[in-house]
Each structure stands twice: as C-alpha cells, then as structure tokens.
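*Asks:* Listed below, chain by chain, are the residues.
Number of protein chains: 2
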Amino acid sequence: MTSEPKTVFVGLAGLGNVGAGVYKNLLKNGNLLTDRTGVRIQVRRIAVRTPEKHTELQVPEGMLTTDWRDLVNDPEIPVIVELIGGVTEAYHLVKTAILARKTVVTGNKALLAEHGHELVALAEREDVPLYFEAAVAGGIPIIKAVREALIGNHIKAIYGIINGTTNYILTRMSEAGLSYDDALGEAQVLGYAEADPTLDVNGWDAGHKAIVLAWLSYGAWLRPEQVHVEGVTEITQTDLRFARSMGYVVKLLGVIRLDDSNRIEVRVQPCLVPQSHILANVHGVMNAVAVYGDIVGETLFYGSGAGQNATSSSVISDLADAVDNLANEAGTNNGFIPQGHYGSCLPVDQTVSRYYLRLRVDDRPGVIASISKIIAGHGIGILSLQQPEVDPSADADLMLMLHQATYGTMKKAVAEIAALECVQTTPVLLRVESLKGRGA
Amino acid sequence: MTSEPKTVFVGLAGLGNVGAGVYKNLLKNGNLLTDRTGVRIQVRRIAVRTPEKHTELQVPEGMLTTDWRDLVNDPEIPVIVELIGGVTEAYHLVKTAILARKTVVTGNKALLAEHGHELVALAEREDVPLYFEAAVAGGIPIIKAVREALIGNHIKAIYGIINGTTNYILTRMSEAGLSYDDALGEAQVLGYAEADPTLDVNGWDAGHKAIVLAWLSYGAWLRPEQVHVEGVTEITQTDLRFARSMGYVVKLLGVIRLDDSNRIEVRVQPCLVPQSHILANVHGVMNAVAVYGDIVGETLFYGSGAGQNATSSSVISDLADAVDNLANEAGTNNGFIPQGHYGSCLPVDQTVSRYYLRLRVDDRPGVIASISKIIAGHGIGILSLQQPEVDPSADADLMLMLHQATYGTMKKAVAEIAALECVQTTPVLLRVESLKGRGA
Chain A
524 MTSEPKTVFV
534 GLAGLGNVGA
544 GVYKNLLKNG
554 NLLTDRTGVR
564 IQVRRIAVRT
574 PEKHTELQVP
584 EGMLTTDWRD
594 LVNDPEIPVI
604 VELIGGVTEA
614 YHLVKTAILA
624 RKTVVTGNKA
634 LLAEHGHELV
644 ALAEREDVPL
654 YFEAAVAGGI
664 PIIKAVREAL
674 IGNHIKAIYG
684 IINGTTNYIL
694 TRMSEAGLSY
704 DDALGEAQVL
714 GYAEADPTLD
724 VNGWDAGHKA
734 IVLAWLSYGA
744 WLRPEQVHVE
754 GVTEITQTDL
764 RFARSMGYVV
774 KLLGVIRLDD
784 SNRIEVRVQP
794 CLVPQSHILA
804 NVHGVMNAVA
814 VYGDIVGETL
824 FYGSGAGQNA
834 TSSSVISDLA
844 DAVDNLANEA
854 GTNNGFIPQG
864 HYGSCLPVDQ
874 TVSRYYLRLR
884 VDDRPGVIAS
894 ISKIIAGHGI
904 GILSLQQPEV
914 DPSADADLML
924 MLHQATYGTM
934 KKAVAEIAAL
944 ECVQTTPVLL
954 RVESLKGRGA
Chain B
524 MTSEPKTVFV
534 GLAGLGNVGA
544 GVYKNLLKNG
554 NLLTDRTGVR
564 IQVRRIAVRT
574 PEKHTELQVP
584 EGMLTTDWRD
594 LVNDPEIPVI
604 VELIGGVTEA
614 YHLVKTAILA
624 RKTVVTGNKA
634 LLAEHGHELV
644 ALAEREDVPL
654 YFEAAVAGGI
664 PIIKAVREAL
674 IGNHIKAIYG
684 IINGTTNYIL
694 TRMSEAGLSY
704 DDALGEAQVL
714 GYAEADPTLD
724 VNGWDAGHKA
734 IVLAWLSYGA
744 WLRPEQVHVE
754 GVTEITQTDL
764 RFARSMGYVV
774 KLLGVIRLDD
784 SNRIEVRVQP
794 CLVPQSHILA
804 NVHGVMNAVA
814 VYGDIVGETL
824 FYGSGAGQNA
834 TSSSVISDLA
844 DAVDNLANEA
854 GTNNGFIPQG
864 HYGSCLPVDQ
874 TVSRYYLRLR
884 VDDRPGVIAS
894 ISKIIAGHGI
904 GILSLQQPEV
914 DPSADADLML
924 MLHQATYGTM
934 KKAVAEIAAL
944 ECVQTTPVLL
954 RVESLKGRGA
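Same order as they appear, the protein sequences are chains A and B.
Residue 963, in our numbering, is where the first sequence stops; the numbers in between run on with no holes.
Residue 963, in our numbering, is where the second sequence stops; the numbers in between run on with no holes.
To be clear, the hints were calculated from the coordinates, so they are not data collected in a lab.
Hints may contain errors.
When chains are identical, the list treats them as one kind, so a pair holds in a single copy or across two.
Below, computed lysine to any residue pairings styled on SDA-like, alpha-carbon distance capped at 20 Å [as the list claims (entries may be wrong)]:
hint, residue 1, residue 2
1, Lys896, Thr929
2, Lys618, Val890
3, Lys551, Arg670
4, Lys547, Gly820
5, Lys934, Ser768
6, Lys679, Thr949
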C-alpha cells in the first residue's frame with residue numbers, strides 16, 4: 524500500500540437526492556475506501572438536467588454536463604452510475620453504456636422491473652457487470668445477501684417491508700392513532716413521502732422491488748401486469764385495532780415465494796403479521812426483508828430503505844465491487860446471475876393464505892348466520908370471529924379470521940357477502956401471513 | 524453453460540455437526556451451486572478422528588482419512604475447509620494449508636481470536652484467501668456484510684446477540700418464567716446447549732466472535748485478556764421482572780465501538796435493551812447483529828446463529844467465493860482486509876453507559892439516603908428508583924436506573940454500597956444500552 528493507488532474514474536448520471544449523497548460520501552470516506560479497495564474511486568463527470576440547481580455541492584468547474592453521453596463517450600470513464608430515475612431516458616442511458624462496454628451501477632427499480640430482462644441479457648452478452656444494490660431496500664444489502672451470501676440456498680420465500688413511506692404511515696396510524704391522511708401529511712412534512720406519493724402508497728414502488736427479488740430468486744422476470752399490487756390507502760384505524768386485539772400488526776409486505784409446483788408467487792399487499800415476529804417490530808421508515816433459504820432457514824436484513832446517505836452506501840458498495848472487478852481481467856465475483864427460469868408465474872387468484880375480513884353489518888338477528896353460510900359454502904373455515912358491542916341503533920363491525928383459502932375463492936365469497944342486504948359499505952379483506960417458509 | 528463445468532475439489536477437515544452439514548448440503552444443492560457458480564464444488568477427502576463414527580453419512584469408500592495432511596498434501600485439492608474446532612490442532616492445520624498455498628475456509632472463532640493476527644498476515648503474505656463467514660453468527664452473513672456491503676462506511680458501533688444458547692436461556696427465563704438452571708436444562712435437552720455449556724454461558728463464545736468483528740471494523744486484533752466478558756449465570760427472575768417493568772429486556776450483547784479518541788471498546792455483557800428495539804425482539808436461539816455505519820445508519824442482520832444447516836450455508840457461501848476467486852488468476856473480490864489499526868483498546872473501566880443496579884436491602888429508614896449519597900458522591904445521577912412494597916419483616920429489593928458513568932467509577936460506587944451494613948448479598952449491576960450509534 525505504499526505505492527500511489529490507481530484511480531478509477533466514475534461518471535455519475537443524476538445529482539438528485541441519492542446522486543448528491545454518492546458524490547458527498549465518496550469525498551467524505553474516500554481515504555477509507557482507498558485503504559480498503561486499494562483504488563481511488565473518483566467522480567470525473569456528472570450529468571444533470573439543470574446545472575444551476577447544484578451550486579450547493581461546490582462541484583469543481585467543468586465537472587457538470589447536461590448530456591449523459593459525455594460520460595459514456597469518455598474513454599477515461601469505465602464505470603457509469605445511473606441515478607436519474609424514471610424509465611425512458613434511464614433505459615437509453617444504461618443500454619448505451621453497456622453497449623460501450625462500461626460497468627453500470629444503477630439504483631433504478633422501475634427501470635429493472637420494466638427492462639431488466641433485456642438489460643441483464645445485454646450486460647451478459649457484452650460481458651460487463653451490472654450492479655443494482657441500491658435499487659432494492661436502500662441501504663440494506665439485500666441483493667448481495669441473496670446473490671452471494673445465500674448462494675447455496677434455494678430461496679423458499681421472501682417477505683419484505685420494502686417501502687419506507689408506507690411503513691411510516693402504518694406505524695404512525697398504529698402507534699399514534701393518526702388517520703391515514705394525517706399520517707401521510709406528516710410523512711410529507713418530514714420528507715419521508717414525496718409531494719406526489721402515488722407510487723409509494725399504491726404499492727408499486729414495492730412492486731418493482733419485488734419483481735427484482737423474484738428474478739434473483741427464481742430466474743424469471745415477471746411482467747408488472749402479472750404482479751398483484753395493493754397499497755395502504757384503504758387501511759383504517761378500525762382494522763389496525765382489530766388486528767392488534769388479535770396479536771397482529773398490519774404491514775405492507777412484498778411476498779415472493781415458490782409453491783410445490785415451482786410456480787412463482789409475487790404480490791404486494793397489506794398483511795396481518797404476528798406481533799411477536801421480528802418484521803412486526805420494524806417501525807417508521809425502516810425496511811426489512813426476511814429471506815427463507817432451504818439450508819439457512821430464516822434470515823432477515825434490516826436498515827434504512829431510502830434516504831440520501833443510506834442508499835449511497837449501497838451505490839458505494841457496488842462501486843467497490845466494480846473497481847475490484849475491473850482490476851481482474853479474467854472476471855467477476857458479483858454473485859450469481861440466475862441461469863434460466865426456475866418456475867412460472869402463479870396467478871394471484873391461486874395464491875393461498877389465511878385472511879382477515881371485516882364487515883360493517885346491520886345489528887340484527889340472522890346476520891352472522893347468512894355470512895357464515897356463504898363462507899362455509901366456499902369450503903372456508905372460520906378461525907375466530909369478533910363483534911364488539913355497539914350502540915343498538917348503530918351498524919356493527921364484524922371481524923372474521925379465516926382459514927387458508929385461495930385468493931380467488933375468497934374474493935368470490937366476499938363478493939357474495941357484499942351483496943347481502945345486511946352488509947353495509949365494502950368489506951375489508953386482508954391477508955394474514957404466518958411468516959414461515961413456503962406453505963406454512 | 525452448455526460445456527461440462529469445471530470441478531473444484533475440496534478437502535474437508537472435521538465431520539462434526541457443521542462438517543456433516545457442509546457435506547450433505549453440497550450434495551443436496553450441488554446442481555443449484557453449479558448453475559450459479561459455473562463450477563462443480565466436490566468434496567474429495569474428509570479428515571476425521573474416528574472414521575467408524577461416520578457411517579451414517581454414507582461417505583464413499585476411501586474418502587475418509589484420519590490425517591488432515593492427506594488433504595493439504597493432495598495437489599488436486601486447492602481448498603481446505605477447517606471445521607475440526609479447538610485451537611491447537613486447527614492452528615497447525617490452517618497454517619500448514621496456507622503455507623501450502625491452499626485457500627482456507629474456517630468456522631473457528633476461537634482459532635481466529637487466538638491466532639487471527641498471525642494467520643491473516645500469513646495468508647496475505649502467501650496471497651491466498653482466508654474465509655471465515657461461519658465463524659461469527661452461524662448462518663448470518665455478517666462478515667460479508669461488514670467487509671463488502673458496508674465497505675464505504677466507518678463502523679461506529681456493533682451490538683450483537685451472537686450466542687444462541689444464552690439467548691435461548693434468557694428468552695425462556697423471560698417469557699416462561701423459568702429459572703436459569705431450568706432454562707439451561709431445557710436448552711441441553713433440545714440440543715441448543717452442549718453437555719458442557721461453559722464457553723456459551725460464560726460469554727466467551729460471544730467474546731471470540733466480538734474480537735473478530737472488532738478486527739474487521741477497526742483493524743486491531745485485541746487479545747482475549749483485553750476484552751471484558753461476562754456471561755448470564757448471575758441473571759435472576761427478579762432482574763428480568765424489574766427490567767420489563769421499565770420497558771427493557773435483558774440480552775447478552777457483544778458491544779464493539781469506537782470512541783471519539785479512536786479507542787476501541789469490545790465487551791460482552793448482559794445488557795438492558797429497550798423493548799421496542801428490534802434486538803429486543805430476537806427470541807430463542809436466533810442471533811442478530813446491529814451494525815451502525817456512518818453513512819448507512821442503523822442496519823441489522825438476523826438469522827440462526829448456530830446449527831448444522833445454517834452454519835453450513837455460510838461455509839458454502841465462502842466456498843462459492845473461493846472457487847470464483849480461484850478462477851480469477853489476478854485476484855480477489857473478498858471484501859477488504861483491514862490495513863493497519865484504526866485505534867487502540869479502551870480499557871473496560873473507561874467505557875461509558877447507563878446502568879441498572881439492584882440491591883437487596885434492609886427495610887428500614889435511612890437506607891435510600893445512604894445509598895444515594897454514595898452514588899451522588901461519585902457524580903452519578905439517578906434516573907429512576909423502585910422499591911416494591913414487601914412484607915415488613917423481609918428484606919426489600921431496591922432497583923436504581925443510573926445516568927451515564929464510566930464502568931470504573933460505577934464499580935467503585937457499587938463496592939462502597941456493597942460494604943454498607945444495610946445491603947444484603949452482592950449488588951447486581953447491569954449495563955443499559957440505548958442502542959444508538961457511538962456515544963448515544
């Protein structure tokens with residue numbers, strides 16, 4: 524380590540929240556990284572849309588450009604970091620960079636969910652590595668965990684809290700009794716939710732991440748339209764209270780698992796999770812991903828799922844792997860790329876779980892009989908049932924915990940129940956996840 | 524992937540619990556591993572002390588040997604897996620293997636704590652990799668997490684539940700109200716504690732792991748005699764109940780952190796942990812390691828800390844890295860080896876925390892006055908105090924929660940308190956950890 528370390532130049536596309544974090548933290552911990560990697564990792568050019576907006580970072584003159592092609596075309600730059608977000612231009616950028624045989628590091632989950640199939644194949648064909656640790660769960664090294672640490676395991680199931688905004692909202696609703704709107708407003712004030720929080724609260728941010736994890740686990744790129752995604756916008760205090768009274772909390776879970784016929788289940792839904800499970804104790808904006816391997820059993824990886832610094836930690840880890848890889852002509856130690864599909868997609872209607880069902884019903888004789896008759900008619904067992912006493916003139920909340928059934932069967936039963944005259948408003952149906960490995 | 528994959532032969536030393544797991548799981552998931560690594564990883568020879576004891580595994584004839592030199596001297600074997608345990612012979616084996624320029628994978632924490640300094644330097648000199656994921660926290664990829672995923676971070680602190688036996692005992696004492704002896708007995712019946720549980724319950728198994736983590740984080744190999752280690756043998760139901768009433772649970776924590784003067788604190792002690800913290804929700808034989816990086820913030824890695832299958836998952840991950848590394852003449856992507864020390868050892872008497880102090884005292888006027896006078900005399904603040912009402916003729920339990928102080932000061936105060944005539948039996952002093960980053 525006495526000789527001057529080699530410098531590897533990096534082209535950084537995007538200087539938003541995460542991009543700025545990467546730039547700052549590469550400066551802050553540059554010496555540590557050089558000690559550890561033997562290489563000086565240095566940003567050479569940065570592509571931004573509006574250079575005037577980035578004076579605060581005091582980027583050296585001439586480093587900024589408005590055209591990412593200046594990064595890709597620079598023969599001194601072997602590594603491109605894509606943090607511009609969005610899909611169309613990011614796709615063009617990453618594809619161009621791979622074709623120019625640059626190593627690419629991206630944090631773009633939407634890009635991977637949409638074009639991962641093509642881009643990964645292209646990177647393999649061009650024999651350049653494509654890194655994406657920052658695309659899933661921010662600072663949590665879940666990609667490295669699955670690709671490298673659990674390489675000897677068949678992945679039986681993954682259950683992830685992989686969106687910080689919605690976990691913050693659910694935590695505040697549950698712990699402080701806030702309404703959904705108030706919790707969302709608070710998240711926005713604190714910078715945990717964007718002005719337009721649609722992709723977070725409708726579940727699709729988590730959906731994109733689930734698609735990437737499913738590919739890594741089972742080798743198949745599911746199309747977004749094959750993935751069942753629900754958000755948290757319909758969750759109410761009533762449901763959180765019922766859940767708690769039964770020993771559960773409500774979490775927005777990405778569920779990825781393989782059934783006995785090698786069919787891949789990928790979905791994002793609010794689920795009841797046992798209070799004693801470690802995932803139930805992931806609060807606020809924190810994320811956690813539970814991974815069940817056939818050898819290792821249950822593991823869990825926890826950390827900040829978003830944010831400038833945490834996410835830049837993952838980008839920097841990818842950069843360290845990238846420069847190490849560049850130093851080795853012969854090849855890579857990037858963990859595996861799935862070779863071939865291990866399964867086909869399991870339609871959501873065929874997925875199985877237990878359920879929580881809440882109904883607003885008239886408070887009169889025969890109601891429970893009619894409802895339980897429909898449920899029994901679909902071959903679904905009732906685990907437990909609660910109807911708290913209310914003012915005689917008011918409607919009553921009836922809560923049922925139901926045995927395992929396919930989602931398709933359950934939806935049919937719920938539709939019939941919803942059509943009963945004694946049932947007011949739309950029934951609330953939530954999954955109950957026992958959080959064991961496959962089938963449990 | 525159409526051509527026949529290359530085979531890499533492995534020499535396996537030790538066929539105990541973990542060794543047998545490695546052998547079985549390499550067979551079970553061999554095809555998956557070959558798909559993912561492009562290499563067939565095959566055990567060629569196994570060194571065992573008593574071949575007759577291993578008929579159950581149906582190892583092919585001629586594979587077993589009673590002399591590990593047969594593995595090291597076999598020119599067809601580039602990788603040696605050391606799972607014989609103990610220190611003396613394992614040291615001889617690993618050293619000989621490194622000098623023969625074999626890649627070594629070990630799961631031996633005691634060996635590393637005792638001889639890691641020399642063996643790591645030797646491996647660097649001989650330019651062969653030395654892997655040890657299985658040495659710390661069983662199936663949890665904590666070594667890879669620190670060496671690779673968090674490579675861009677200064678590690679501010681690590682708090683780990685890194686011994687499954689003691690976590691099982693504390694969980695059962697806390698949740699089922701068992702005595703220490705009954706909980707230990709149960710752990711032994713279930714195979715979670717060995718017939719001689721000394722190294723687990725006295726804290727030294729965790730101590731060895733803490734030494735490895737401290738080296739990885741701060742580059743210094745602390746000698747075992749520099750590390751303050753306590754076990755769980757003195758924990759009582761009374762303390763668990765008091766802790767719970769204050770919103771805490773008791774966990775045996777390995778604490779590794781750096782203070783503002785770059786002094787390294789490494790200790791293993793039973794600590795009060797806030798119930799709402801995710802570490803407090805790690806139950807039974809599970810392990811978890813919370814790592815605070817200066818960029819990534821709080822992360823946590825959870826899984827089985829011991830056991831045949833979980834630990835073999837870590838060995839197999841090391842083997843995948845090892846074969847990948849062997850395929851690349853030029854070098855490695857094994858994460859960093861710390862270069863030089865980042866700090867010196869902080870003596871335990873200078874370490875700072877809050878404290879829980881329980882005293883058995885005479886129930887008469889003036890007792891609290893004398894005790895609180897001593898505490899104040901050492902400049903320590905009292906956060907809270909509890910003395911439940913008891914039968915007037917009996918001694919009373921007095922519980923104090925104390926502000927931050929050095930351990931040295933605290934011990935002096937406790938010695939003075941213990942000498943008071945009104946204090947019966949030995950005072951119980953436990954650390955209270957807020958589980959924030961350094962200094963918090």
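*Asks:* Against each hint, give a clear statement of whether it holds in the structure.
*Replies:* The hints, checked one at a time:
1. For a Cα distance limit of 20 Å, the shortest separation of Lys896 from Thr929 inside one copy, 18 Å, qualifies, whereas the shortest one across copies, 67 Å, does not.
2. For the identical chains of this complex, Lys618 and Val890 are neighbours neither inside a copy (60 Å) nor across copies (76 Å), given an alpha-carbon limit of 20 Å.
3. Proximity of Lys551 and Arg670 under a CA criterion of 20 Å is satisfied inter-copy only: 19 Å between copies versus 29 Å inside one chain copy.
4. Taking identical chains as interchangeable, the C-alpha atoms of Lys547 and Gly820 lie at most 20 Å apart only when they sit on different chains, with a minimum of 15 Å there against 38 Å within one chain.
5. When the C-alpha separation of Lys934 and Ser768 is checked against a cutoff of 20 Å, the pair qualifies neither within a copy, at 25 Å, nor between copies, at 44 Å.
6. Taking the closest pair of Cα atoms, Lys679 and Thr949 never come within 20 Å of each other, the shortest separation being 34 Å inside a single copy and 50 Å across copies.
Violated hints for the displayed structure, listed by number in ascending order: 2, 5, 6.
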